[in-house]
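S.K.: Chain B: place on chain A using the hints.
Protein chains: 2
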Amino acid sequence: MPLRLSTLFLRTLRDDPADAEVASHKLLVRAGYIRRSGPGAYTWLPLGLRVKNRVEQIVREEMDAIGGQEVQFPALLPKEPYEATGRWEEYGDALFRVQDRKGADFLLAPTHEEMFTLLVKDHYSSYKDLPAYLYQIQTKFRDEARPRAGLLRVREFIMKDSYSFTVDDAGLDQAYADHRGAYLRIFARLGLEVVPVRAQAGAMGGSRSEEFLHPSPIGEDTFVESDAGFRANVEAVTTVAPEPLDEAAIAALPAAEVKDTPDSTTIAALVDVSNQMVPRQDRDWSAADTLKCVVLTAVLDGAERRQFIVAVPGDRDVDLKRLEAGIGAVLEVAGEPGVEQATDQDLAGHPSLVKGYIGPNNESGLPFLVDPRIATGTAWITGANAPQQHVFGLVAGRDFSWDGVVEATVVQEGDPAPDGSGPLHTRRGIEMGHIFQLGRKYAEALDLKVLDENGKQVVVTMGSYGIGVTRAVAALAESHHDEKGLAWPRAVAPADVHVVATGKGEEIFAAAEQLVAEVEALGLTVLFDDRKKVSAGVKFSDVELIGIPTSVVVGRGLAEGVVEVKDRETGQATNVEVTAAAETVARIVRAG
Amino acid sequence: MPLRLSTLFLRTLRDDPADAEVASHKLLVRAGYIRRSGPGAYTWLPLGLRVKNRVEQIVREEMDAIGGQEVQFPALLPKEPYEATGRWEEYGDALFRVQDRKGADFLLAPTHEEMFTLLVKDHYSSYKDLPAYLYQIQTKFRDEARPRAGLLRVREFIMKDSYSFTVDDAGLDQAYADHRGAYLRIFARLGLEVVPVRAQAGAMGGSRSEEFLHPSPIGEDTFVESDAGFRANVEAVTTVAPEPLDEAAIAALPAAEVKDTPDSTTIAALVDVSNQMVPRQDRDWSAADTLKCVVLTAVLDGAERRQFIVAVPGDRDVDLKRLEAGIGAVLEVAGEPGVEQATDQDLAGHPSLVKGYIGPNNESGLPFLVDPRIATGTAWITGANAPQQHVFGLVAGRDFSWDGVVEATVVQEGDPAPDGSGPLHTRRGIEMGHIFQLGRKYAEALDLKVLDENGKQVVVTMGSYGIGVTRAVAALAESHHDEKGLAWPRAVAPADVHVVATGKGEEIFAAAEQLVAEVEALGLTVLFDDRKKVSAGVKFSDVELIGIPTSVVVGRGLAEGVVEVKDRETGQATNVEVTAAAETVARIVRAG
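Line order of the protein sequences matches chains A and B.
Residue numbers 1 to 592, in the working numbering, belong to the letters of the first sequence in order.
Residue numbers 1 to 592, in the working numbering, belong to the letters of the second sequence in order.
Any given hint could be a false lead.
Remember, identical chains collapse to one label, so a pair may be satisfied in a single copy or spanning two.
In silico lysine-lysine, DSS-like type, Cα no more than 25 Å apart, as pairs [unchecked claim]:
1. 79 x 102
2. 566 x 449
3. 121 x 532
4. 566 x 532
5. 259 x 128
No wet-lab data here; the hints were simulated from the structure.
Note that this is a predicted model, so its numbers are computed, not measured.
Okay, chain A solo, but in the shape it has when bound:
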C-alpha cells in the first residue's frame, strides 16, 4: 500500500520553526518528519519513523555481519552497577536520576557498559565462549545542559551501542578493527561522509579511541588533519613542544630581572610596555615571549570547585575543552571535570594572587600547571606576583617549576602535526560514532573473569562502540538538502518514489493509481500525492521539501501518453511513456 498524502498524518510547513537555527532542524520539522514534543525532545512522525527505521536496519545488518548479536536492555536501571564503576557520581548533572516509590535509586541509562559486563558475567566463564560482540539499538537519556539544533543534541535519543568481550588485547584489537570496518561500511551505505579521527577516551576510560566525525560547519567538534593523513579531534592533539635545554645551556641564559611595568594587565599592553621600557636589540618583544598565568576552576562531580593556575604562551588562547580532556589525570580526580574561568568568588579565597600580575612562584598554594610549550629552558616575560611588576627572562626549570603539564591551548591552523606529517588544517564536525578500547576497567570493577587456556582466571578485555541513530538522521538531512528542501540518499529515503497526480481529470488520477500499483508490483515503496483539491504548485513544493530521490508527475503530459520522471538531487526531468514509466523508475531506483 502506498503512503497516500490524502490521509497521511502530515502537514508540511512553509515557514521555519521559530526556534530552529540549523538546516536539518528546519527542514525535518517543515517537511513533517519530526515535531517538537518538549525541551530537547521530538516525536517521530510517519515519514521520520521510516527514515529512522531504515538507518537502524542498515546498522543492524552491518553489526550482524561482523558477528554482533542483538539484545535489548531496559533504559531504567538500578544504581548499584554504576556505583561499582564510579559512574553514578562521575556523570554528574548529565545523568537523569530517578527514585521509585520505595526511595530506591535508579538512572536512565546514557550508555550500558556496566549492564553488558554483568550480562556476560552471568553467561560466560571460559575463554572458549569468547570473543562475543553484543549490541542493542535502544533509547538513551542524557540531561543535556543545552539541547540544541533539533535532533543533533537532544535529551532522549536512539543509539546503537555495542560491546566486545575478548580474552586479551589481541582479541580487542581484532574486535576494534571489526567494528571500525563495520562503521565505515554503515556510513558508506547511509551516504554520510565521515572522517575517523583520534579521540580522547574521556569518562569511558580505556586507551585507543576514535571518533567518526561528519564534517560540517555546524559541528560542535573541531578536528585537525594534515595533508599526509594525520587526523584527530583537537582534544586528542598533542602539542609539538620545544626540546628542553640541558643544564649548561640553561646556565648560560641571562638571569631573570624584575622590572616595573605599569598598567600592563593585558598581554597587548605588556608587549607595548616591554618594547618601550625593556627594548630588545635583535627584534621586538611579541606576545609569544610572554607567559600568561590563568586561574581556572575544575568542577568535580558537578559540585566541588577546585582552582588551579595554568601557564600558557601569551599568543595562545586557553582551550577549555582540551583542558577538560586532560585535567582529570593531572589533578588525579576521577570522572570528567568541567573547567571554567575562575569566578570572583573562586578568587576571593586566594588573596595572595595579584590580579593581572600573576606569575610562577606565587604564594597561593594552588596547583601550578603548564602547557607543553613551557619546556625546560624556555625564557619568559611574566607576572612578578606584585602590582605593576613583571619579571623578564624567567627560565622554566631554572627559575620556576610546575606541578603538572597539561594540553591547555587551542590548536591553530598551521600548527605542526604531532606525528611530523606537516601543518594541520582545522575543520568542524558532528560526532556520529565513537569506538573505544576500554581494556579491563569495567571487567575489573564488576569482576568479569574467565578461565584462560591454562585454566587461570583472567579479567576480560572489553571495547565499546556507539553510533547515534537519531543524530545520523539529522546529519543526513544536514548534508543532503538544498534551499528547497530535503534530498535523501536512496538508502534511507522514506519511500523510493514520490508519485504526483496533478490536474482535474479523473483519468489523471486513474492513471496515477495504475502507475502506483505497477511500481509497487516491482517491489518499490511509494509516496502518492493523491490529493484532489491541492494545486500543482503546492504539490511540487512538497516534492522538493519532502525529498524522495525520484518523483513521477502524472499530469498534462498524460494526454500525449507521457509522465515526467524527475531526480530530486540534480533536478533533471525526463518525459517517459506512461506504459514504460514503472520499469524506468524501477531501473533508476535499483541503479542506486
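M.R.: Same frame as chain A, but now just chain B:
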C-alpha cells in the same frame, strides 16, 4: 544466516530461577529468552528479542490494515500536559517523576493520551482531516508496587498504544469497532486465546470500555461469563438488586427492635446469638439476614486518607478492587483512589464508632454507603452502635438512609448476570489489551477542536486502545508450554526450524550444514545446533526447552539416508529422506 548455537549468546539453565513462580517466568529465563536486570526489569536476549519483534510486527500489520499510522513519542515528557488533564496527580505513586538539572518536572510516560491530543491539535483543524488513527509501539514506565511474575508485571514494558480522533460519537463507534476487530485478528494471529469483557474505564475516563483477557489461573483479573454470552470484568459487573418496596409495603413491616446480643462481634457469632435469643418461626436466621457495616479508607492521590463506612449483606465479602472501581464517583474525588481496611490509626479519629457493633445511623459523621443489595424495604439485623446490642428488622429507607450506593461485594459463581442471561461463572485472566471510548475528556482539557461541516468549532471525540507487547510474550509462553519447555506458535517462534546435528562423524555436520542451507534457501529461518562437544541428550533437552515448533535431527539415521522431523507440540516424529527433508519441513511450516 542461521542462528548457530555454537556462538549464539545463550546458556540454557536446568534449574528454575529462585525468584520465579509462574511457568512463563521460569521457562523464558531457563530457555534464554530474557534475563533479569533489576527489580521488575528484564533484558531481551537474542531469542527473546526475535519473539518480541515478531509480536510487534503482527500488531503493526493489523494496525496498518485499519488505517493506523505509526509515530513514536519520547518516553520522557514534560509535566504540563499531564497537569492540564489532572493525571500528573491522579497517577499517584505509579508515575515515575524525574527532574532535570534545572529542576523542571518530567515524567516517564505510562500512556500518552495527552501527547497524541496535542500532536493532532498541532496538525489538524477541520472535520475533513478526521478520522485519524495514530499509534506507536513504545516503551512505557510504571512504578509498580509489586513487580511480579517475570514479564507479566514489570516497571518498563512495551505497549502498542493507539488513539482515534473523530468528529463525533458515530465516528468513535466506528473507530472502536475497527480497533476491536484488529485486536481480535492480532490475538488470533498470535495464537493467544482472549475473551473480550466489559470493563471499567478507571483513570482513563470515558464511557464504553472492554478488556481482552487471556484466561489463565495465574491472571490478576477475575471475569465472569454467562452461558448466554454476557462477559465482564468483575469490576464492571452490576449487582442485580431486589426491587425496592413501595411505601405501603414498607409501613406494613414490623418495627425495628434493639436487642441484647452479647459477644457477637462476628457474623457467625451474631447468627448463632440471634437464633438463640430471637428465634424465627419460619426458618433460622442466616448470615444473609445481617448487615455488615465495614469501615474502610480511601487513599487519594497516594496520600490523603479518607474513611467511609460501607454496608453489605453479612454473607458477602467486601471486594476492595470493585470498590476501588466505583468509589471515586461516589465520594466525588478525581483519579483512582485506593481502598484499604481502616487501620487502628484511621479508626482512632472516630471514637464514636463501637467496634463490632457498628450500624446505620451512627454518630461518626463518616459517609455511609451501601451495596446495591441494600434496597429500599429490605430488613436487616445490624449493629445498634452500642456495645453488646444489635437491632432487628431495621428497614432500609424507613429506618436508615445512605449517602451513596456502591458496588462493594465480591461477585460469586452463580450470581445472576446483570442482563438476565442466567447465572455467572467466574474465571481468572491476564489483561492483554484494553480499548476505551474516551469521549471528549482529553480534547476538552487540552482544547482540541476542529471546524465541523457547518463551520462551527467542535471538540474532537477520542478513543484509546492498548496492547501489552511484553505481556503478550509472557502470556504466549504461559499458554504454550509443557513440563519440558516452551512450544511457541509458529507466528511468533524465534525461528521456523531447529536443526540439530548429533554424533561424531564429520559427515553428519556436513549434511546438517547442507540441510540448513537448503531450508534457508526456501525462505525459512533456522536455529542450528552445530555444537561439537555437546551430548545428544543435552541437545534434545534444549530443543524441548527452547520450543521451536519443528525440529530436524541429523544423526544416526543419516547412514540410512534419513533425518528425523519432529513436532514440538505433539511430539510426533517422522523419518524423512534427507534429500526431501528441506521441502518437507517447508511444507509443514507453510501449512502453519
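S.K.: Hint compliance check: list the failing hint numbers for this structure, sorted ascending.
M.R.: 2, 5
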